[in-house]
Amino acid sequence: MSAVEKNAEYEELKKKIWCPPFDARFPNQNQTRNCWQNYVDYFRCQKIKGEDYAPCEYFKKVYTHLCPGFWVEQWDDQRENGVFPGKI
Amino acid sequence: MSTWGQLNLIDAASPLQSEMFLFHDHAIVLLLGIFSLVAILGVKLTFNKFTSHTMLEAQSLETIWTIIPALLLLWLALPSLRLLYLLDEQSNSGIVLKSTGHQWYWSYEIPFTQSLSFDSYMVPESDLNHGDFRLLEVDNRATVPFQMETSVITTSADVLHAWTLPSMGVKMDAVPGRLNSMSMFVEKPGVYYGQCSEICGANHSFMPIVVEAVSLKDFVNYLEGAE
Ligand SMILES: [Cu+2]
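Chains as they are written, first to last, in my numbering: chain P, 1 to 88; chain L, 1001 to 1227.
By construction, these hints were calculated from the structure, which means they are not laboratory data. Any given hint could turn out to be false.
What the hints assert, rightly or not - Taking CB as the label site, the calculated pair distances span:
hint	chain 1	residue 1	chain 2	residue 2	range
1	L	1054	P	28	53 to 63 Å
2	L	1021	P	6	48 to 58 Å
3	P	7	L	1085	25 to 35 Å
4	P	28	L	1053	56 to 66 Å
5	P	6	L	1187	11 to 21 Å
6	P	58	L	1203	39 to 49 Å
7	P	28	L	1187	38 to 48 Å
8	L	1082	P	58	28 to 38 Å
Claimed, not checked - List of simulated lysine-lysine pairs, DSS-like, C-alpha gap at most 25 Å:
hint	chain 1	residue 1	chain 2	residue 2
9	P	61	P	87
10	P	6	L	1217
11	L	1049	P	14
12	P	15	P	60
13	P	16	L	1044
14	P	61	L	1188
15	L	1217	P	15
16	P	14	L	1188
Claimed, not checked - A short, non-exhaustive set of chain L residues, derived as facing chain P with CB atoms under 10 Å:
hint	residue
17	1070
18	1074
19	1096
20	1149
21	1180
22	1223
Quick reminder that beta carbons are idealized off the backbone N, C-alpha and C, glycines included.
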């Protein structure tokens, strides 16, 4: 494989992976709030704009990349039972 | 990993660890200077025949021996601060590796089109293969691509743990209810070992961390294969 092809392949591979971009609201090591805020924003966005509004999916992408799975499960349960502490 | 009789720090596999190594050397230079000076002065003073009963003050000497240590402290503090802020830098590209501490194992999540999640337990001594490292080997290694930023996000499901990888210069407390993130740039492929670094209970010594760094191509293949 030539260097050019290799480079093209690398760029192709890079498109498959993703990481939440830097958020100036959360510049520190502590990313707790970043995960939380994106989770709340996602459901708030859906509530205001409707469930099919595509731009809302960005929030989901961020929180699924930041939040541990067991946090999301807990919050989902809390929302179902109407005891979620955030304002949605 | 560290071995018996090793005098220096562990081999660096990330720019941050290289920086820490340099800072270590920088601090040692200062220490050697001070130790030598104090030793020489101590010996000189012990065998010195000059004494003075009339000398009550030496203003210029006092000034000099206040200013010089102050400068030396600055010489130590400025690179230290620089390193501190470098460590705090959040990564902006690459991938995310979520690690959660449990009593007593680590579990990992690698978000892709779907999130890949698995537990990573230590391999007990009776199950070790020839050449495996005792108390360091795990059944499922965390895999990351090399030559790429990895944002390691740690938290805990029960008590305090700490996710540590000495050759990457990463040591991050895993705190229940909090997400700590640290940027890790693995320079070269390999298998890297670490251990939980916050005393977390009876099996604290038996929850090692193993990261396998592979090429981006193998990494994507691995994730696609796991789905
Ligand atoms: Cu632990």
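Hint-by-hint comparison with the structure:
no.	hint	result
1	1054/L with 28/P: 53 to 63 Å	holds, 59 Å
2	1021/L with 6/P: 48 to 58 Å	violated, 31 Å
3	7/P with 1085/L: 25 to 35 Å	holds, 33 Å
4	28/P with 1053/L: 56 to 66 Å	holds, 60 Å
5	6/P with 1187/L: 11 to 21 Å	holds, 19 Å
6	58/P with 1203/L: 39 to 49 Å	holds, 41 Å
7	28/P with 1187/L: 38 to 48 Å	violated, 25 Å
8	1082/L with 58/P: 28 to 38 Å	holds, 35 Å
9	61/P with 87/P	holds, 20 Å
10	6/P with 1217/L	holds, 11 Å
11	1049/L with 14/P	violated, 74 Å
12	15/P with 60/P	holds, 18 Å
13	16/P with 1044/L	violated, 68 Å
14	61/P with 1188/L	violated, 29 Å
15	1217/L with 15/P	holds, 12 Å
16	14/P with 1188/L	holds, 18 Å
17	1070	violated, 31 Å
18	1074	violated, 26 Å
19	1096	holds, 5 Å
20	1149	holds, 7 Å
21	1180	holds, 5 Å
22	1223	holds, 8 Å
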